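One line per chain: the protein sequences are A and B, in this order.
Heads up: the first sequence begins at 1 in our numbering, then just goes up one per residue.
Heads up: the second sequence begins at 1 in our numbering, then just goes up one per residue.
If you're looking for bench data, these hints aren't it; they were derived computationally from the structure.
Quantities reported herein were computed from a predicted structural model and do not represent experimental measurements.
There's no promise every hint is true.
Stated by the list, open to error - Pairs of lysine-lysine residues, derived as DSBU-like cross-links and limited to a Cα-Cα distance of at most 30 Å, are as follows:
1. B/Lys59 x A/Lys379
2. A/Lys214 x A/Lys379
3. A/Lys329 x A/Lys379
4. A/Lys265 x A/Lys129
5. A/Lys214 x A/Lys265
6. A/Lys379 x A/Lys83
7. A/Lys129 x A/Lys344
8. A/Lys129 x B/Lys59
9. A/Lys344 x A/Lys329
10. B/Lys179 x A/Lys83
11. A/Lys344 x A/Lys379
12. A/Lys214 x A/Lys129
13. B/Lys179 x A/Lys129
14. A/Lys129 x A/Lys329
15. A/Lys214 x B/Lys179
16. B/Lys179 x B/Lys59
17. A/Lys265 x B/Lys179
18. A/Lys129 x A/Lys379
19. B/Lys179 x A/Lys329
20. B/Lys59 x A/Lys214
What the hints assert, rightly or not - From the derived model, a few chain B residues whose C-beta atoms are all more than 12 Å from chain A:
21. Ala42
22. Gln57
23. Trp77
24. Gly83
25. Val95
26. Asp96
27. Leu124
28. Arg157
29. Gly158
30. Pro168
31. Ala172
32. Pro176
33. Arg194
Note that CB positions come from ideal geometry on N, CA and C, so glycine has one too.
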Amino acid sequence: MSTRTVEYEISRAPELGIDGRPVRVPAFPPGVDPEMHGERMLINVGPQHPATHGVLRLVLELDGETVIRCIPHIGYLHSSFEKLGEYRTWNQIVPLTDRMDYLAPYIYNCAYVMAVENLMGIEVTERCKVFRVILMELDRIFSHLLWLGTTAIDIGAFTPFLYTFQERERIYTLHEEYTGARITTSATRVGGMMAEIPEGHLDNIRHFVDTFPKTLDEVETLLHNNQIWIARNQNVGAMGAEAAIDAGLTGPNLRASGVDYDVRKDRPYYDYETYDFEVPIGEHGDCYDRYMCRMEEMRQSLSILLQALDRIPDGPMNVDDPRVILPSKTAAMNDMESMIHHFKVVMEGVDAPVGESWTSVESSKGELGMYVVSDGGSKPVRWRVRGPSFVNLSALPAMVEGHLLSDVIAVNASLDIVLGEIDR
Amino acid sequence: MADDKRFDDALDELEQRPVAEGAETPGPEAGAAGEQPPSVLALRAEFGDAVHRHEVQGKGEHVVFIDASRARDILGWLRRTEGQEFEFLLDLTAVDYGGGRPLQVVYQLYSQRTGAMLRLKAELPLEELEIASVVPIWSGADWLEREVYDMYGITFRGHPDLRRILMPENYAEGHPLRKDFPLRGRFTRAEQTRRALAMAVEDFYIPSELDVVSRRGAPPEAS
Numbered sequence: 001m002s003t004r005t006v007e008y009e010i011s012r013a014p015e016l017g018i019d020g021r022p023v024r025v026p027a028f029p030p031g032v033d034p035e036m037h038g039e040r041m042l043i044n045v046g047p048q049h050p051a052t053h054g055v056l057r058l059v060l061e062l063d064g065e066t067v068i069r070c071i072p073h074i075g076y077l078h079s080s081f082e083k084l085g086e087y088r089t090w091n092q093i094v095p096l097t098d099r100m101d102y103l104a105p106y107i108y109n110c111a112y113v114m115a116v117e118n119l120m121g122i123e124v125t126e127r128c129k130v131f132r133v134i135l136m137e138l139d140r141i142f143s144h145l146l147w148l149g150t151t152a153i154d155i156g157a158f159t160p161f162l163y164t165f166q167e168r169e170r171i172y173t174l175h176e177e178y179t180g181a182r183i184t185t186s187a188t189r190v191g192g193m194m195a196e197i198p199e200g201h202l203d204n205i206r207h208f209v210d211t212f213p214k215t216l217d218e219v220e221t222l223l224h225n226n227q228i229w230i231a232r233n234q235n236v237g238a239m240g241a242e243a244a245i246d247a248g249l250t251g252p253n254l255r256a257s258g259v260d261y262d263v264r265k266d267r268p269y270y271d272y273e274t275y276d277f278e279v280p281i282g283e284h285g286d287c288y289d290r291y292m293c294r295m296e297e298m299r300q301s302l303s304i305l306l307q308a309l310d311r312i313p314d315g316p317m318n319v320d321d322p323r324v325i326l327p328s329k330t331a332a333m334n335d336m337e338s339m340i341h342h343f344k345v346v347m348e349g350v351d352a353p354v355g356e357s358w359t360s361v362e363s364s365k366g367e368l369g370m371y372v373v374s375d376g377g378s379k380p381v382r383w384r385v386r387g388p389s390f391v392n393l394s395a396l397p398a399m400v401e402g403h404l405l406s407d408v409i410a411v412n413a414s415l416d417i418v419l420g421e422i423d424r
Numbered sequence: 001m002a003d004d005k006r007f008d009d010a011l012d013e014l015e016q017r018p019v020a021e022g023a024e025t026p027g028p029e030a031g032a033a034g035e036q037p038p039s040v041l042a043l044r045a046e047f048g049d050a051v052h053r054h055e056v057q058g059k060g061e062h063v064v065f066i067d068a069s070r071a072r073d074i075l076g077w078l079r080r081t082e083g084q085e086f087e088f089l090l091d092l093t094a095v096d097y098g099g100g101r102p103l104q105v106v107y108q109l110y111s112q113r114t115g116a117m118l119r120l121k122a123e124l125p126l127e128e129l130e131i132a133s134v135v136p137i138w139s140g141a142d143w144l145e146r147e148v149y150d151m152y153g154i155t156f157r158g159h160p161d162l163r164r165i166l167m168p169e170n171y172a173e174g175h176p177l178r179k180d181f182p183l184r185g186r187f188t189r190a191e192q193t194r195r196a197l198a199m200a201v202e203d204f205y206i207p208s209e210l211d212v213v214s215r216r217g218a219p220p221e222a223s
């Protein structure tokens, strides 16, 4: 346990309530009749509000500036992806996945094809596994950088936003170099990747890994001991370990509460058990610990990236399985059988065996589960996404009730939600 | 809500496709007794007939079909009992195979203490889409159950706040993820637009929110 904990020290003076939870503002000071308080006010935040990170709408019942009740309303970005998936072949679903979490598209691409590969019983090649690890860790940094920049801006620090978006721009360029798209990458295919790695791409990733820590350190200098940052984050939106598990939190939000749960460590996939990295664990479960966990996770991802870049083997990228993989362009153009094969795979899709698979990966926001159910056809009967943001957001009312109105923005930002995946 | 109900009933009569001859929910044969993990054996010992069958799917994923009427007892037992301790409810969803076959409610559990993953399924016939809520066991089930209710029309008995979550509260076209629901919805685009434009400010709030305003004696501010 101790080897997985990254220790840090920061001075704190939490004021604890009767239930042991840090308290910022007592909703009702002891001895005061609740009826004696001021009039309740209903305010509506969103759906078009920059600090809701998308189209989240919160209806807040206030007593003065204290939040009595918080009721999230979601669905404004509902695109019915799961229903659309039932009308698409297995590979055609890949573009839907990166439109859910456009902040970490590679992770969604990889998680989806992982589930389909488990369903079909396909074992991807070693090169593909390592390359997917590279892509997923790259996008973990990509997503955490957006979180860092926008959270800082929500809380009033403008500069980190410029720093982090400059770094994100470099990852956008890396996305574009490999897939041709900056956000909607659609990089994976069942049984492999969309293409071989372009020449020089791995060197460019390595260059990013080498130069990025400097910026990360600079941003941390701006925030780490910043009085305003500490005042706005420490003891805000705290949740204990038991409550966090009960509420279904996962990812950095859960780990900030002191629960040592990371899918990469607990149920390793793609040989994560062979990479040397640590999982940062918080102890207070507040916004500041979530910030600390994500900052450290970025550093750990850099370490994983370096190890993966060192070990990526030569060899084929795609599995040698004509059921799922297209023949080479040369073969398809030159002999009849390959052309028919190419035509059938593209037009009819690939048949999956009867069965199902629930597969999860550690995405940047938490545990991302993909549930695919097949009745033997080339399209799924059911494709379900267990979005980490969806479940994380459902814990928001429990975190903000009793806090100040301005804390709602801080807590919401610290949860790192993406509405594309919540509303699906 | 009353209109919604009538609409649902009418749909059931009109659109529910007949059960195909010999239609059965597809799935591989039940796993041999030897490969049953400890939690399945313990479940069988504790609940007997309420545990219907056990399958192994994908790469060793264990699926247990349970009696819907005992679902909450079984899930509560799995969470509380020493040696099981499934403290994580990772997912709660439903599957519709279409053709009039029963809907499946799916619970994906994980126990960090024992490292076990377990998927439970309860089958609900289309005439009786009701099952006990597991919110008292895991509070995180709240939104997941609301989503299943919204998308499949399954009622969760004892849920503290069961209402639509992704679709608007006055959505009248049915439950989108059911197999008998057409991809483009049931209404024409013109009708959908008309309904969207006809929504009043109050339609964007739930009754308990409007209570706060009526106590103040002022209408909610349009946003």
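Each hint, compared with the structure:
no.	hint	verdict
1	B/Lys59 x A/Lys379	holds (20 Å)
2	A/Lys214 x A/Lys379	violated (46 Å)
3	A/Lys329 x A/Lys379	holds (25 Å)
4	A/Lys265 x A/Lys129	holds (16 Å)
5	A/Lys214 x A/Lys265	holds (28 Å)
6	A/Lys379 x A/Lys83	holds (11 Å)
7	A/Lys129 x A/Lys344	holds (27 Å)
8	A/Lys129 x B/Lys59	holds (17 Å)
9	A/Lys344 x A/Lys329	holds (15 Å)
10	B/Lys179 x A/Lys83	holds (9 Å)
11	A/Lys344 x A/Lys379	holds (14 Å)
12	A/Lys214 x A/Lys129	holds (29 Å)
13	B/Lys179 x A/Lys129	violated (35 Å)
14	A/Lys129 x A/Lys329	holds (24 Å)
15	A/Lys214 x B/Lys179	violated (53 Å)
16	B/Lys179 x B/Lys59	holds (27 Å)
17	A/Lys265 x B/Lys179	violated (38 Å)
18	A/Lys129 x A/Lys379	holds (25 Å)
19	B/Lys179 x A/Lys329	violated (38 Å)
20	B/Lys59 x A/Lys214	violated (42 Å)
21	Ala42	holds (21 Å)
22	Gln57	violated (5 Å)
23	Trp77	holds (17 Å)
24	Gly83	holds (18 Å)
25	Val95	violated (5 Å)
26	Asp96	violated (7 Å)
27	Leu124	holds (15 Å)
28	Arg157	holds (20 Å)
29	Gly158	holds (17 Å)
30	Pro168	violated (7 Å)
31	Ala172	holds (15 Å)
32	Pro176	violated (6 Å)
33	Arg194	holds (19 Å)
Of the hints listed earlier, those the structure fails to meet are numbers 2, 13, 15, 17, 19, 20, 22, 25, 26, 30, 32, in rising order.
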